[in-house]
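Novice: Residue numbers (our numbering), protein chains in the order written: chain Y, 1 to 240; chain V, 1 to 332; chain Z, 1 to 351.
Source of the hints: derived by calculation from the structure; they are not laboratory data.
Only a predicted model underlies this, so the values are computations on that prediction, with no experimental measurement involved.
Keep in mind that a hint or two might mislead.
What the hints assert, rightly or not - One-sided excerpt, in silico: chain Y residues whose CB lies under 10 Å from chain V:
no.	residue
1	ALA8
2	ALA75
3	GLY82
4	THR185
To be verified - With a straight-line Cα cutoff of 30 Å, these simulated DSSO-like cross-link-like pairs (lysine-lysine) come out:
no.	chain 1	residue 1	chain 2	residue 2
5	Y	LYS163	Y	LYS181
6	Y	LYS125	Y	LYS154
7	Y	LYS126	Y	LYS154
8	Y	LYS125	V	LYS305
9	V	LYS13	Z	LYS155
10	Y	LYS125	Y	LYS181
11	Z	LYS165	Z	LYS155
12	Z	LYS120	V	LYS137
13	Y	LYS126	Y	LYS181
14	Y	LYS163	Y	LYS126
15	Y	LYS181	Y	LYS154
16	V	LYS305	V	LYS137
17	V	LYS305	Z	LYS165
18	Y	LYS125	Y	LYS163
19	Y	LYS126	V	LYS137
Positions of the beta carbon are idealized from the N, C-alpha and C atoms, including for glycine.
Here's the letter readout for the chains.
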Amino acid sequence: MSNLLALAGVNTHIGHYHILQGVDFVVPHGGLTVLLGRNGAGKTTCLRTIMGLWQASAGRIEFDGTDIARRSTPAVAQLGIGYVPESMGIFTGLTVSENLTLAARDGPLDERRLDWMFRFFPALKKFWHLPAGHLSGGQKQMLAIARAIIEPKKLLLVDEPTKGLAPAIIAHMVDAFRELKRTDTTILLVEQNFHFARTLGDTVAVMDSGRIVHSGSMNDLADDEAQQQKLLGLSLDAHQ
Amino acid sequence: MSDDALRVPGIDKIPLALIPAIALVALPLIPSLPTWVTLTVAGLAMGMMIFIMASGLTLVFGLMDVMNFAHGAFITIGAFVATSVLIPLAGWTQADSLWLNLGAIIPAILAAMAVAGALGLVFERVIIMPVYGQHLKQILITMGGLIVAEQSIHVIWGPDIIPLPKPATLRGSFIFGDIAIEKYRVVAVIVGLAVFAAMFLLLNRTRIGLLIRAGVEDSEMVESLGYRIRRVFVGVFVAGSALAGLGGVMWALYQETVSSAMGMQVMILIFIVIIIGGLGSVGGCFIGALLVGLVANYVGFLAPKIALGSNILLMVLILLWRPQGLYPVAKR
Amino acid sequence: MQRLLSGDYPRSRVLGIVLVLILAGLALAPFVFPGTRSLNVAAKICVFILLVASYDLLLGYTGIVSFAHTMFFGLGAYGIGIAATRLGPTWSGLAVGSLAALALSALLSLAIGLLSLRVKTIFFAMITLAVASFFAILASQLSWLTGGEDGLTYKLPELLLPGTKLLEAPLLGVVISGRIVSYYIVFAGALCLFLALLRVVNSPFGRVLQAIRENDFRAEAIGYRSVVYRSAANCLSALAATAAGILYAVWLRYVGPDTTLSLDIMIDILLMVVIGGMGTLYGAVIGATLFVIAQNYLQDLMKLASDAAAGIPLLPSLVHPDRWLLWLGILFVLSVYHFPAGIVGRLRGNK
Ligand SMILES: Nc1ncnc2c1ncn2[C@@H]1O[C@H](COP(=O)(O)OP(=O)(O)OP(=O)(O)O)[C@@H](O)[C@H]1O
Ligand SMILES: [Mg+2]
């Protein structure tokens, strides 16, 4: 299996702060890679750097064989990369339908794909004409994901989709991601919820203080309690 | 779930109601009905012209967080360009024929909008682009741009106030019984409504409008969806400058004079209007402009001494009621 | 010296020499540059150094853009003008006028600050622009109090009038009249207040302001209530501007909308502060001196150039004496981009 995305020695500065200090990891084709790490490790910064929302000051970001580290955000998006930010980035003044229409850059909404999405995000159908600002937190998260995949994408970047969601909704989210994995969309998922991550992940990378401190298969990490404790103990303790 | 959950909440109507409310409050205060009608039409006309000049500024702010303190220069330049076209055509504008009048005024307006728009493009590229996201520098640099623009006007057109008579067919009034309504004001109201309607349709019924509305809320997310919002921004900036040029022509014909200071004078009103409306909101700008126009005319009649302060008072009152203006724009 | 300058040295030999020359020139102006016009220029320089320095406290040190600075300048000037007209040319009258103006400025600046300093830079700039223009209009409307567009011309206490001779014989060839006394009041007032401002910006308070300017978010996190600090800076700056207005009114014996309140003066202040160097009070000295001299003498020079260029198209109108603002405007735009620390920054060799 080749790699769809590969970061090598990526550095990112925000103002005077040196946030990413040489990040190296790969996202293999077709699978779901989880990026773990405690608060402030630099996960969000990493996704934003891939999207071109922060400019990397050094390093390579290879997507499908080309270096996209210096590209602008729209150019990166046009390569087929969808992004669901931590804040969800919903246009609250636009209706659900308008949010999705805008995301379908190549023309009118595809009915078949819409129906497919309504199967796992039924709320969107129900509130089709409601301004998105009135949706609940979970529904907003669904809209944000739906918006990112309304057109087929090669790579989907999702930042903490389970943040603030009730367990029942998280279970629902798991189903949605499973469904998505059946299409040939590669996913890079940032997560704090290790249980959720373990259920879905194929490979895993762990960040700390702006660097990758571990990467490998999810099964290996799931089986190795000691390793988990070492890499994630802090964050799990802090969160549970 | 009940049907209630499905109901789409409409736009906030309270600010809309302010306009008739103010007109009705003024009615018993003003001694005669014809005077009230005249003042109301004058207020609406003034409001429409301010709206035309202000709409681009507020949209640019909403979209890219840029406040152009030199916006007034586009107003002035529009007025001067139109003057340059109209003065040689004085024979046509002063002829008592609608067609000859239009034959002079339409090219004048087109020229004014074209020059103001082109200048907007240059301004955006040269002056504003390097200082995105730096508010302090933005204010300073656009003030500097204003100085240079005003001085350049002096170089080209001289420092004097130039008289600019209205075209013959737009002078005088429509008379209904003892009510007289100036023709030019009616035209201003019609043009203002047309511009507002066009903007409304553009923003709410087209894809580019969808993009603009989304960009006002969160331009980063729009870029993440693959749109080059910068291009949209330049387009809006140019359109806003061209509209400022149009407004400048209308304002100059209304006052029947052109001076290099006019842009800055109107700018104060424009700032008040877009603050009242909520920075970034076109609908708010429209209502704010009408409110300012009406209040200025009613107070100007009732208490001329405090007329000029009345708009500041209106602004303070509205900010005390809604600190973000009538229609606060959701920002990320 | 250390205490006088609050430890804030020019840090550049050229700058130091220029500053000493300006100080000496202003201190000895009545003797070195006799004549009404040059004394007027010297007095105006003193006043504008103070005015621009007080604006720099806001713009350069705190990162606030206010367009209401001329409003406070005008308040001071009108305070003197109205007091002298109403209460007669007495010292107590002047004192009452000054105190009233200072009190009003303090109240007004606090009100504006507390109401709108929490909001964004741009919003504050827009609100102050609106309020200041309202004030200018108010001054020209309330003609019973302010003399309207014509302004007020008034008498001052005997000691300050040009007709008063203090010494029988001329000193160093200069008649020591009330004018000279007035000039030294303006000079001393401006110098003391300038040194006071220097002390403020180099105090712990001044350093907090700069921290806030650099990073509002972090300063708040460290625990400084940035709104309180910014309001205090706004108020101090307003008071200093009022004082400048008071001195100006004492010098001119006239006050009107055009000399103190107009937006043109606000723009002049912006030009001086940016060209001289934001965030360095010495920039105010350089900026104000250059600007006032240019305003008064550059035009003569340009007239020569303009006459010389007669016949060439457009060129004469570009170097026409009235066009000096065009060139300053261009210089202003270039300095904002390329040397935000202005002339002083250049001299100090900053990047
Ligand atoms: N705009 C910014 N300006 C300055 N520092 C920032 C900015 N955004 C993020 N940082 C810093 O970058 C570091 C990494 O932040 P980032 O948001 O990438 O962490 P994260 O791993 O996503 O954390 P979390 O799990 O809490 O979302 C943090 O120390 C944060 O303070
Ligand atoms: Mg994060």
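Novice: Hint check: LYS125 (chain Y) vs LYS154 (chain Y), CA-CA at most 30 Å. Holds or violated?
Specialist: Holds - the C-alpha atoms of LYS154 (chain Y) and LYS125 (chain Y) are around 25 Å apart, at most 30 Å.
Novice: Does LYS137 (chain V) lie within 30 Å of LYS126 (chain Y) when you go C-alpha to C-alpha?
Specialist: violated (47 Å)
Novice: Against the 30 Å threshold, does the CA-CA distance of LYS125 (chain Y) and LYS181 (chain Y) hold or violate the hint?
Specialist: holds (22 Å)
Novice: Given ALA8 (chain Y) as an interface hint, is the shortest Cβ-Cβ distance to chain V below 10 Å?
Specialist: Violated - the Cβ of ALA8 (chain Y) stays beyond 10 Å from chain V, reaching only about 23 Å at its closest.
Novice: For a C-alpha distance cap of 30 Å, please report whether LYS165 (chain Z) and LYS155 (chain Z) respect it.
Specialist: Answer holds: LYS165 (chain Z) to LYS155 (chain Z) is near 16 Å, not above 30 Å.
Novice: Once the shortest beta carbon distance from GLY82 (chain Y) to chain V is found, is it less than 10 Å?
Specialist: For GLY82 (chain Y), the interface hint holds, since the closest Cβ of chain V sits about 8 Å away, which is under 10 Å.
Novice: Are the Cα atoms of LYS120 (chain Z) and LYS137 (chain V) separated by 30 Å or less?
Specialist: At roughly 14 Å apart (the allowed maximum being 30 Å), LYS137 (chain V) and LYS120 (chain Z) satisfy the hint.
Novice: Keeping to a limit of 30 Å between CA atoms, is the pair of LYS125 (chain Y) and LYS163 (chain Y) held or broken?
Specialist: This hinted pair holds, its Cα atoms lying about 23 Å apart.
Novice: Does LYS126 (chain Y) sit within 30 Å of LYS163 (chain Y), going by the straight-line distance between their CA atoms?
Specialist: holds (23 Å)
Novice: Does the alpha-carbon distance linking LYS125 (chain Y) and LYS305 (chain V) stay inside the 30 Å limit?
Specialist: violated (59 Å)
Novice: For LYS126 (chain Y) and LYS181 (chain Y), compute the direct alpha-carbon distance and say whether it is at most 30 Å.
Specialist: The given pair, whose Cα atoms are some 25 Å apart, holds under the 30 Å limit.
Novice: Is LYS13 (chain V) within 30 Å of LYS155 (chain Z), Cα to Cα?
Specialist: Violated, because 58 Å separates the two Cα atoms, which is more than 30 Å.
In terms of the numbered hints stated before, the structure departs from hints 1, 4, 8, 9, 16, 17 and 19, listed from lowest to highest.
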